[in-house]
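There are 2 protein chains.
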Amino acid sequence: MDVTKKFQLAESEIPRQWYNIVADMPNKAKPLLNPQTREPLKPEEMEGLFAKELVKQEFSDERWIDIPDPVRELYKMYRPTPLVRAYALEKALDTPAKIFYKNESVSPVGSHKLNTALAQAYYNSVQGITHLTTETGAGQWGSAMSIACSYFNLNLEVFMVKQSYEQKPYRKFVIGSYGGKVYPSPSDRTSYGRKILKSDPNCRGTLGMAISEAVEVAVTKPNTRYTLGSVLNHVLLHQTIIGLEAEKQMEMAGEYPNKVIACFGGGSNFSGIAFPFLRHELNGQKKVKLIAAEPSACPKLTKGKLEYDFGDSAGMTPLIPMYTLGHDFQPEQIHAAGLRYHGGGQLVSQLKSDGYIDSCEIDQQETFKAGLLFARTEGVIPAPESTHAIAATIREALKAKEAGKSEVLLFNLSGHGMLDMASYESYI
Amino acid sequence: MDVTKKFQLAESEIPRQWYNIVADMPNKAKPLLNPQTREPLKPEEMEGLFAKELVKQEFSDERWIDIPDPVRELYKMYRPTPLVRAYALEKALDTPAKIFYKNESVSPVGSHKLNTALAQAYYNSVQGITHLTTETGAGQWGSAMSIACSYFNLNLEVFMVKQSYEQKPYRKFVIGSYGGKVYPSPSDRTSYGRKILKSDPNCRGTLGMAISEAVEVAVTKPNTRYTLGSVLNHVLLHQTIIGLEAEKQMEMAGEYPNKVIACFGGGSNFSGIAFPFLRHELNGQKKVKLIAAEPSACPKLTKGKLEYDFGDSAGMTPLIPMYTLGHDFQPEQIHAAGLRYHGGGQLVSQLKSDGYIDSCEIDQQETFKAGLLFARTEGVIPAPESTHAIAATIREALKAKEAGKSEVLLFNLSGHGMLDMASYESYI
Chain A
23 MDVTKKFQLA
33 ESEIPRQWYN
43 IVADMPNKAK
53 PLLNPQTREP
63 LKPEEMEGLF
73 AKELVKQEFS
83 DERWIDIPDP
93 VRELYKMYRP
103 TPLVRAYALE
113 KALDTPAKIF
123 YKNESVSPVG
133 SHKLNTALAQ
143 AYYNSVQGIT
153 HLTTETGAGQ
163 WGSAMSIACS
173 YFNLNLEVFM
183 VKQSYEQKPY
193 RKFVIGSYGG
203 KVYPSPSDRT
213 SYGRKILKSD
223 PNCRGTLGMA
233 ISEAVEVAVT
243 KPNTRYTLGS
253 VLNHVLLHQT
263 IIGLEAEKQM
273 EMAGEYPNKV
283 IACFGGGSNF
293 SGIAFPFLRH
303 ELNGQKKVKL
313 IAAEPSACPK
323 LTKGKLEYDF
333 GDSAGMTPLI
343 PMYTLGHDFQ
353 PEQIHAAGLR
363 YHGGGQLVSQ
373 LKSDGYIDSC
383 EIDQQETFKA
393 GLLFARTEGV
403 IPAPESTHAI
413 AATIREALKA
423 KEAGKSEVLL
433 FNLSGHGMLD
443 MASYESYI
Chain B
23 MDVTKKFQLA
33 ESEIPRQWYN
43 IVADMPNKAK
53 PLLNPQTREP
63 LKPEEMEGLF
73 AKELVKQEFS
83 DERWIDIPDP
93 VRELYKMYRP
103 TPLVRAYALE
113 KALDTPAKIF
123 YKNESVSPVG
133 SHKLNTALAQ
143 AYYNSVQGIT
153 HLTTETGAGQ
163 WGSAMSIACS
173 YFNLNLEVFM
183 VKQSYEQKPY
193 RKFVIGSYGG
203 KVYPSPSDRT
213 SYGRKILKSD
223 PNCRGTLGMA
233 ISEAVEVAVT
243 KPNTRYTLGS
253 VLNHVLLHQT
263 IIGLEAEKQM
273 EMAGEYPNKV
283 IACFGGGSNF
293 SGIAFPFLRH
303 ELNGQKKVKL
313 IAAEPSACPK
323 LTKGKLEYDF
333 GDSAGMTPLI
343 PMYTLGHDFQ
353 PEQIHAAGLR
363 YHGGGQLVSQ
373 LKSDGYIDSC
383 EIDQQETFKA
393 GLLFARTEGV
403 IPAPESTHAI
413 AATIREALKA
423 KEAGKSEVLL
433 FNLSGHGMLD
443 MASYESYI
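Going down the list, the protein sequences come from chains A and B. Under the numbering used here, the first residue of the first sequence carries the number 23, and numbering increases by one thereafter. Under the numbering used here, the first residue of the second sequence carries the number 23, and numbering increases by one thereafter.
Keep in mind that the hints were calculated from the coordinates and are not lab data. A hint or two may mislead.
A pair counts as met if it fits within one copy or between any two copies, since identical chains are not told apart.
[Unchecked claim] Cut-off 20 Å, straight-line C-alpha distance, at most; resulting in silico cross-link-like pairs (PhoX-like, lysine-lysine): (1) 120 with 427; (2) 309 with 120; (3) 391 with 203; (4) 52 with 64; (5) 50 with 391; (6) 270 with 120; (7) 113 with 98; (8) 327 with 52; (9) 120 with 98.
Make a model of the complete structure from these sequences and hints.
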């Protein structure tokens with residue numbers, strides 16, 4: 023009775039370097055632009071916003087970047103995370119496909135976000151920064167930054183999309199328990215927030231607005247920097263630890279994935295699991311199909327336009343060359359708040375434009391159905407975001423069944439849904 | 023920078039047998055009594071309530087009992103669980119004590135309860151039972167039974183203490199997501215529930231009342247059995263997998279605990295971690311001090327009387343020889359709903375009476391303070407129940423500091439508190 027099979031690496035096998043896909047991309051992405059001058063952004067122009075070392079990573083084309091020891095030590099709290107062969111899900115689907123998932127939900131905050139939060143807090147801390155700001159949608163990122171700041175003795179202000187702040191109170195309690203301060207966005211703490219509230223006092227917020235508020239505080243408060251949980255190159259870089267571990271674990275399982283699947287918000291968990299596999303294709307070795315699972319309510323890769331756009335709503339960030347639905351796009355209030363971001367980021371967008379990434383869009387009903395099936399077979403209640411990856415995987419597994427062919431599918435379980443139970447309840 | 027250190031066993035080292043402490047007890051516990059005749063209860067009298075194999079275990083004095091393969095396979099979903107050296111907590115306390123904890127919060131339902139839920143569902147399933155009933159306080163046990171029943175295709179009805187049903191809605195959503203039916207207790211689904219509601223329509227419920235309701239349904243509905251998440255010998259037996267794993271992991275760490283600490287509700291997580299270590303003392307080998315951490319609101323071991331008492335409020339269960347506050351005791355509405363049970367069970371009570379178990383009582387403020395310190399140092403937000411074990415461990419660590427002596431402390435982190443964030447919020 024093979025109900026489940028975990029592939030568990032030893033702690034000593036936690037990777038010692040992150041993988042930077044920029045080194046292997048056939049076409050480099052266009053540069054970020056300074057929003058005022060429209061000239062390519064220079065690293066030093068970002069240093070008021072981000073820690074210097076993170077800016078260096080943002081512009082780096084080195085293939086491998088060392089993980090600092092203190093960060094790698096903290097990774098040991100929850101890493102290596104398990105790779106699981108989802109026998110029970112396969113059986114429920116009666117599919118010849120072999121389904122594997124990387125379980126990032128085992129981190130103490132319940133998602134993959136901690137992988138970059140620890141790195142970002144560390145680099146800010148060694149630079150002598152004392153305050154950080156950030157935004158959060160569903161709250162996963164805010165929770166991760168809060169515990170990371172607790173480890174490195176940094177103060178943290180989190181602007182949380184008002185919709186989530188009210189709909190997901192447990193998340194803000196988690197942020198508070200770890201010591202971070204959390205405010206509903208739009209708030210009256212920034213001039214941008216006050217402007218929004220003046221024109222629309224009932225505004226429920228978006229991730230773009232929350233970013234604008236966090237950025238405003240970071241650039242106006244002394245010894246303060248901003249941190250972002252997705253989209254940017256250095257964030258994607260830190261998340262490659264997911265795929266690098268998964269690669270070793272797939273080897274333990276004696277398999278290589280035909281398809282690698284992840285949900286897509288700003289690209290961090292997607293790139294994290296996918297890029298290490300994609301590198302073998304870019305280097306002319308093994309082929310792999312990458313599938314970004316988007317919500318129908320916010321399908322930037324599937325339906326967006328590739329152009330320069332802002333990372334936030336107010337237009338305070340650099341201009342990013344990316345697939346975007348427009349920086350003022352306000353998606354429907356779906357439960358997967360972490361996927362309600364308007365743009366696809368520089369690296370993912372270039373790779374998609376070059377034909378290395380596929381995407382699909384999935385409506386909310388299908389994702390919750392998939393999430394419940396997963397919970398009842400594999401045991402873990404997935405985050406609403408992660409249910410998109412599961413739903414896309416189920417689609418592929420059923421296609422394989424129809425075609426009668428075996429296929430190896432790997433998806434990333436980016437987080438658990440224990441704090442999203444109200445969403446499940448409203449689905450049920 | 024040693025911030026954390028996990029000791030991780032291979033899957034192949036998941037124990038193949040549970041440990042039954044009855045075989046090693048110097049004084050056997052007095053028998054359970056039939057509540058009508060007051061004669062020692064015969065196994066066959068319990069078979070209408072529990073699966074036969076569980077009844078056999080309840081009366082067994084075999085030292086080792088085989089874990090069935092299908093149960094051990096399902097254990098692999100989350101076992102072996104990590105043993106962690108809590109360096110960050112030690113540092114925060116500036117203590118010479120070495121603190122270890124067994125992390126049972128990594129199970130998909132977030133607590134140790136799954137260890138026995140899987141076993142109980144399995145034995146009922148092989149007997150051909152189709153319906154199970156149970157009660158739940160905080161909801162941890164109900165969640166565990168719900169996923170276990172989903173694996174073995176059993177229907178489940180859960181009576182949830184009304185206080186928790188309303189205060190912790192996420193837990194009931196979890197139970198529902200896995201497929202179980204959940205009702206607030208007292209309910210109008212049983213004659214006992216209706217009787218309570220008639221005399222007190224605003225009754226908030228107790229674990230004892232919920233047990234009475236679940237038992238009533240089990241004995242009146244065809245092909246139905248009852249399951250209990252703590253107190254009984256077979257439940258404690260299944261939980262010894264915690265301590266048996268921890269023993270191997272302490273060996274990996276090159277240490278043996280001077281003190282083993284766990285929170286105490288009905289005794290399942292306490293016995294689970296403690297009994298395997300106690301066996302070496304009973305066999306004249308290594309000494310160990312066991313500490314049961316109770317809430318001041320419900321200190322059955324610390325302040326109860328050792329006598330025969332019912333396991334439920336209505337007086338439907340067999341009479342159990344145990345430390346008890348009385349089966350009609352209604353403890354304060356503390357957040358640690360899982361510790362609001364009136365009695366200590368047969369085995370623990372005998373061992374306590376024989377001097378093998380110490381207990382202490384801790385008030386709610388101290389436990390939440392301990393829980394927050396643990397979250398900010400070790401990363402995991404603990405369940406309100408588990409914060410009692412942490413608070414007791416911190417007391418011991420500070421005593422060691424005062425005495426200037428090194429000591430090895432091991433406690434059980436029975437569950438995480440992600441679904442109890444409202445409790446933390448009201449503390450903060």
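Identical-chain pair category, residue 120 with residue 427, by Cα at 20 Å: Answer is within: at 10 Å inside a copy they meet the 20 Å cutoff, but 54 Å across does not.
Using 20 Å as the alpha carbon limit, work out where residue 113 and residue 98 are close: within a copy, between copies, both or neither. between (33 Å within a copy, 17 Å between copies)
My question is about residue 52 and residue 64: at a cut-off of 20 Å on alpha-carbon distance, are they close within one copy, between copies, both, or neither? The answer is within: 13 Å in one copy meets 20 Å, while 79 Å across copies does not.
Between residue 120 and residue 98, at a C-alpha cutoff of 20 Å, which is it: within one copy, between copies, both, or neither? between (29 Å within a copy, 18 Å between copies)
Up to 20 Å CA-CA - residue 391 versus residue 50, copy category: Result: close neither inside a copy nor across copies, 39 Å intra and 51 Å inter.
At most 20 Å between CA atoms: does that hold for residue 270 and residue 120 within a copy, between copies, both, or neither? This pair counts as within: shortest intra-copy Cα distance 17 Å, inter-copy 34 Å.
Check residue 309 against residue 120 for me: Cα-Cα at most 20 Å, and say if that holds within a copy, between copies, both or neither. Only inside one copy: residue 309 and residue 120 sit 17 Å apart there, 49 Å across copies, limit 20 Å.
Checking residue 391 and residue 203: alpha-carbon separation at most 20 Å within a copy, between copies, both or neither? Between copies only: 18 Å across, 35 Å inside.
Taking 20 Å as the upper bound on the Cα-Cα distance, should residue 327 and residue 52 be classified as within, between, both, or neither? within (15 Å within a copy, 76 Å between copies)
The structure does not agree with numbered hint 5 stated previously, though it agrees with all others.
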